[in-house]
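A.B. asks: One-letter residues, chain by chain:
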Amino acid sequence: MTHYWFALWGIVFRELFRFVKQKERFLSALVRPLVWLFVFAAGFRAALGIAIIPPYDTYILYEVYITPGLIGMIQLFNGMQSSLSMVYDREMGSMRILLVSPLPRWFLLTSKLLAGVFVSILQVYVFLMIAWFYDIQPPIEGYLWVLPVLILTGLMLGALGLLLSAFIKQLENFAGVMNFVIFPMFFMSSALYPLWKLQESSQVLHLIAKYNPFTQAVEFIRFALYGQLNQEAGLATLLAFVVFLMIAIIGYNPSKGMMKRKGR
Amino acid sequence: MSEQALEVSELNFSYGKKQVLYDLTFQIEKGQCAFLLGPNGAGKSTLFSLITRLYDQDKNNIKLAGFDIKTQPLKALARLGVVFQQTTLDLDLSVKQNLLYHAALQGISPKKAKVLIQQQLEQLDMFERQNEVVRQLNGGHRRRVEIARALMHQPKLLLLDEPTVGLDIASRESIVKHVHQLCEHTGLAVLWATHLMDEVLDKDKIIMIHQGKIRAEGSRDDLMQQTSTELLSEAFFSLTNSRGE
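For the record, the sequence lines run as chains A and B.
Going by my numbering, 121 is the number at position 121 of the first sequence; the sequence numbering is gapless.
Take any residue in the second sequence, note its place counting from 1, add 1000, and you have its number in my numbering.
Looking at chain A on its own, in the form it has when it is part of the complex:
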């Protein structure tokens, strides 16, 4: 059992250390949601009126509405970034050192996921701290409630990235998938506009957004940030995590052949 702890610690430590070393990565991870918050949200404040919807019990500013969506965005990008680094690691070879170690592959991949989630949570709290000075101030307990939620949402989005990395052969292909995954997931969700508003414009888009796992993650975060548990969103996030992780593990399993097929 201690072997597992040492390995988990080693993998998390490596990821954190790499993250701290890559200052540009930290900055860009932070600047992206801040630009959305300071520029996009300010511009759209007047155009998009938000009615009173749970978990909010009063009228809110658009900035307040999109904050959970931007937290989701941080985790979505982080999940994709981790998987991008896995494709890179596989091309560069360091993934081999991980996969050749004497531990079950599911454990190694889950540890790698957890390491990525820790990094994303650090980013989220720094973002929330800056947002606090911008008058986006959820109740204090919300900052605590959101922590376990961020672990699950981070795992789900990381597992999605892991799944993609198992099926992508080269870094070049990855850029395309980023466009086909990140942007549709983000725009067809409740991150920027409530689902009922989307329903007014298009039933199809509303349906897609409703069943988009990213919507569920964002709603899970939104409610937790205001001290409430959105069970439906939580269960959907958990389900999506389990499904994504299982497919990813199959993808990385030598006998199932993703590695084999690639001949890497």
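If you are wondering where the hints come from, they were derived from the structure by calculation, not from laboratory data.
Note that CB positions come from ideal geometry on N, CA and C, so glycine has one too.
Where hints are given, some of them may not hold.
Across the chosen pairs, the derived CB separations fall in these ranges [stated by the list, open to error]:
#1 Leu147/A x Leu1201/B: 31 to 41 Å
#2 Gly1016/B x Arg32/A: 37 to 47 Å
#3 Lys1112/B x Lys197/A: 57 to 67 Å
#4 Pro139/A x Gly1140/B: 55 to 65 Å
Here are the simulated lysine-lysine pairs, DSS-like style, with alpha carbons at most 25 Å apart [to be verified]:
#5 Lys23/A x Lys1075/B
#6 Lys1096/B x Lys1213/B
#7 Lys1059/B x Lys1075/B
#8 Lys1213/B x Lys21/A
#9 Lys210/A x Lys197/A
#10 Lys1096/B x Lys1111/B
#11 Lys21/A x Lys1096/B
#12 Lys1203/B x Lys1213/B
#13 Lys1070/B x Lys1030/B
Position chain B relative to chain A; hints supplied.
C.D. replies: Only chain B this time, still in chain A's reference frame:
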């Protein structure tokens, strides 16, 4: 426990319909240094990927220190050290951090790891550089770190996939000498894939592989005798028909 560090028996492998390995059978004993020689595309890297379980095989054809790589993969992998052809170090981390990461993956406590890191790095004259970032090291030094890493958990078998390619003569000689000493003094078994025949010593075992088949197996002298040649390179060309490739 078996004295065989590696047993490969009737190993076949295909990429889809294209078969790349045919009925490979060979053993490497404890303390033996074996060289896998063969032209590009002979199947050396595929064989390494099978031994390291990066690829899976249908049958139980590979045993590592007595443990089947398919049915007891964790026990088998715990007894394996690998230096891959491409460098697999994290360039942004220091030498010590890279080794600590590997130790953690092998289940070695940080305290014990520090002792082992010192031991391994001292043997390779790299201890002074333990706090340097890998990116700042030259190719020879990076290879030495990778060898230290592969040996940290005291494996029974060390796999070396063309570890000296691109290194200067002094670095090559130092690695060749160190690995042979390890075989002799510690009982470590080595499987070393290379194109550079001057790395092979008289007492070493050679496995000549070409187009996925073992063409010859034995010592340098055995192979030269078998092909009526006077140089190992001549024997290689004769067995692989690869002159001018």
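A.B. asks: Would you mind marking each hint as holding or not holding in the structure?
C.D. replies: The hints, checked one at a time:
1. Leu147/A x Leu1201/B: 31 to 41 Å: violated (60 Å)
2. Gly1016/B x Arg32/A: 37 to 47 Å: holds (41 Å)
3. Lys1112/B x Lys197/A: 57 to 67 Å: Given about 59 Å between the Cβ atoms, the range holds.
4. Pro139/A x Gly1140/B: 55 to 65 Å: Cβ of Pro139/A to Cβ of Gly1140/B: about 59 Å, so the range 55 to 65 Å holds.
5. Lys23/A x Lys1075/B: violated (39 Å)
6. Lys1096/B x Lys1213/B: violated (40 Å)
7. Lys1059/B x Lys1075/B: holds (18 Å)
8. Lys1213/B x Lys21/A: violated (47 Å)
9. Lys210/A x Lys197/A: holds (12 Å)
10. Lys1096/B x Lys1111/B: holds (13 Å)
11. Lys21/A x Lys1096/B: holds (16 Å)
12. Lys1203/B x Lys1213/B: Holds, at roughly 23 Å.
13. Lys1070/B x Lys1030/B: holds (21 Å)
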